[in-house]
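Enquirer: Below, each chain spelled out in residue letters.
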Amino acid sequence: MQLHPQDNVVVLTRTVAAGERVCVGGVTVMIERALALGHKLAACDIPAGAPILKYGVSIGSAAVPIPAGAHVHTHNLRSNYLPTYLHATQQRYFEEHP
Amino acid sequence: MDMTEGYLRSDGRKGIRNTLVVAYLVECAHHVAREVAWPFREQGAHLIGFPGCFPNAYADRMLHQLCTHPNVGGVLLLSLGCESFNRRELEARVRASGRPVATLVIQEAGGTRRSIAEGRNWVERTLRELAAQPRSALPVRELVVGTICGGSDATSGITANPAMGRAFDQLVAQGATAIFEETGELIGCEAIMAERAARPALREELVACVAKAARHYATLGHGSFAPGNADGGLTTIEEKSMGAYSKSGQSPIAGIIKPGDVPPRGGLYLLDVVPDGEVRFGFANISDNAEIAELIACGSHLILFSTGRGSVVGSAIAPVIKVCANPETSRRLSDDMDIDAGRVLEGRGTLEEVGAEVFERVLRVAAGERTASEILGHQEFIMTYKSFTPLGPACLPS
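Heads up: the protein sequence lines correspond to chains A and B, in order.
With the first letter of the first sequence counted as 1, position 33 gets the number 32 in numbering that gives the first Met the number 0; the numbers rise by one all the way through.
With the first letter of the second sequence counted as 1, position 256 gets the number 255 in numbering that gives the first Met the number 0; the numbers rise by one all the way through.
Derived from the structure by calculation, the hints contain no laboratory data.
Keep in mind the model is a prediction, meaning the values are calculated, not measured.
Be careful, since some hints might not be right.
Which chain B residues stay away from chain A? Per the calculated CB distances, all over 10 Å, these [said to hold, decoys possible]: (1) ARG94; (2) GLU123; (3) ALA172; (4) TYR216; (5) LEU332; (6) PRO389; (7) PRO396.
If you want the footprint, here are the derived chain A segments under chain B, 3+ residues with CB under 8 Å [stated by the list, open to error]: (8) 21–32; (9) 57–65.
Pairwise CB distance ranges, derived in the manner of DEER restraints [to be verified]: (10) PRO133/B <-> GLN1/A: 23 to 31 Å; (11) PRO133/B <-> ALA16/A: 56 to 64 Å; (12) THR349/B <-> ALA67/A: 46 to 54 Å; (13) GLY174/B <-> PRO46/A: 46 to 54 Å; (14) ALA17/A <-> GLU359/B: 40 to 48 Å; (15) GLY97/B <-> GLU94/A: 19 to 27 Å; (16) PRO226/B <-> ALA17/A: 33 to 41 Å.
Ideal placement from N, C-alpha and C gives every residue a C-beta, glycine not left out.
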């Protein structure tokens, strides 16, 4: 689902399994890892540093070049405001403070 | 249906519930207060309180507004005896509002056992009194509805939040008051939100409000973003913000309020929940119920709560209607949800249909229908230290 005509990401409207093929922006891509509904895929090739557009507005910047059809998430999209906290961040704390 | 019934209070406001609040004024009185309220929890006795022993103007204001909230019919204050909280002032204010009120001081009553027995006697007697109170007509324009999202995922901004926004537009069109909040979850939307200001002077205030939130969270090192948000497909705070923002609907923004401010008239208001000045007491809202308590302190009769991951909470004092954004969560946590907004993603309905259902449910819950969290006994409440300065003149309609 594309939420806004200017968006360079699309949103999954259902959960997809690993190995499934989905059509994004005219290209068919294979989903490497299972993705829950609501997750984003690149609708086109996005260069590093370019804004990621969803709802027609920027939701952050591409941290690396993102090929069309790739999962867009915390590994390749950075906030332009505040960093995103993940459990992995806390995991590092426990490793550094045994 | 454009009319329901409510309990008329001396300030002219009307309640959609007739709750008896048991409020502890320091953590040391929490156990006794809980024991007093517990046997009556299904008959309308709700437990609220403030854990701190140090004085705080925000806590004074919050407890005053909550104890004189239109949904509250009577109040029992539970004090240990030596805490800073000004129990006499609070009791006097509740008494002046015409509500039955009593203060139980544990150190004077003779300890835990005697305080619990005395408290339960008072609650039992007062609940009988409240049950006999009559109701009077309550038109939709007198309703105050708050909205919050919690346990958000990437479906929240596509289904439940825009559907609640449509219900908000309908409420505002009928003259009711609608309050949205969490300026920390509007980071990134400040420019488009400012365009909806009802007056030019309000525009700058809206932008400043979000800038303050961004500074607050940057100082503390975290945005209002939990790992579950990321598991649910949200990547950045500005992405979460855009989804959260859509629950405000399309109406012009009439003003900004702070916790405990009751909007002067109908319309759409932004509740600024982030404290003023330098960061002093930690995160603005440590969890969703802290924001819900503030929406209620601003007079909200009921709360619209959208969730994607699946929050189960309700609240003391005001019913919470849970609108579930994610169809998979709706099926997994069906007992906890009131409205299945995720059906939009599965082609089983439109945003307009879900919005109309939310509006209808607001009226039915106002008329007495119990929400899922009320049926399950949820009465969460939390309040921590904060500090605010009064609003500037640009913030409210003249």
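Enquirer: Hints first: check each against the structure and report whether it holds.
Expert: Comparing the hints with the structure gives:
1. Listed as outside the interface, ARG94/B is consistent with that label: its C-beta sits roughly 46 Å from the nearest C-beta of chain A, beyond the 10 Å cut-off.
2. Separation of GLU123/B from chain A is adequate, the least Cβ-Cβ distance of about 47 Å exceeding the 10 Å criterion.
3. Every C-beta of chain A lies more than 10 Å from that of ALA172/B, the closest at about 24 Å, which supports listing it as non-interface.
4. Consistency note on TYR216/B: stated as away from chain A, yet its beta-carbon is not over 10 Å from all of that chain's, at 6 Å minimum.
5. A cut-off of 10 Å between C-beta atoms confirms that LEU332/B is not in contact with chain A; the least separation is 15 Å.
6. Distance check on PRO389/B: its Cβ is at least 28 Å (rounded) from any Cβ of chain A, clearing the 10 Å threshold; non-interface status holds.
7. Against chain A, the non-interface label of PRO396/B holds: every CB pair exceeds 10 Å, the least being about 28 Å.
8. Given as covered by chain B, the stretch 21–32 of chain A fails the check, having 0 residues with a CB less than 8 Å from a CB of that chain where 3 are the minimum.
9. As drawn, the stretch 57–65 of chain A meets chain B at 3 residues by the rule of a beta-carbon pair under 8 Å; at three or more, the given contact holds.
10. The supplied range of 23 to 31 Å is broken by PRO133/B and GLN1/A, whose beta-carbon atoms lie about 55 Å from each other.
11. The supplied range of 56 to 64 Å is met by PRO133/B and ALA16/A, whose beta-carbon atoms lie about 59 Å from each other.
12. The given range of 46 to 54 Å is broken by THR349/B and ALA67/A, whose C-beta atoms sit roughly 30 Å from each other.
13. Distance hint check: the CB atoms of GLY174/B and PRO46/A are about 50 Å apart, consistent with the given range 46 to 54 Å.
14. In this structure the hint that ALA17/A and GLU359/B lie 40 to 48 Å apart at CB holds, the actual value being about 41 Å.
15. As the Cβ distance of GLY97/B to GLU94/A is approximately 60 Å, the hint placing it in 19 to 27 Å is violated.
16. The hinted window of 33 to 41 Å between PRO226/B and ALA17/A is violated, with their beta carbons roughly 22 Å apart.
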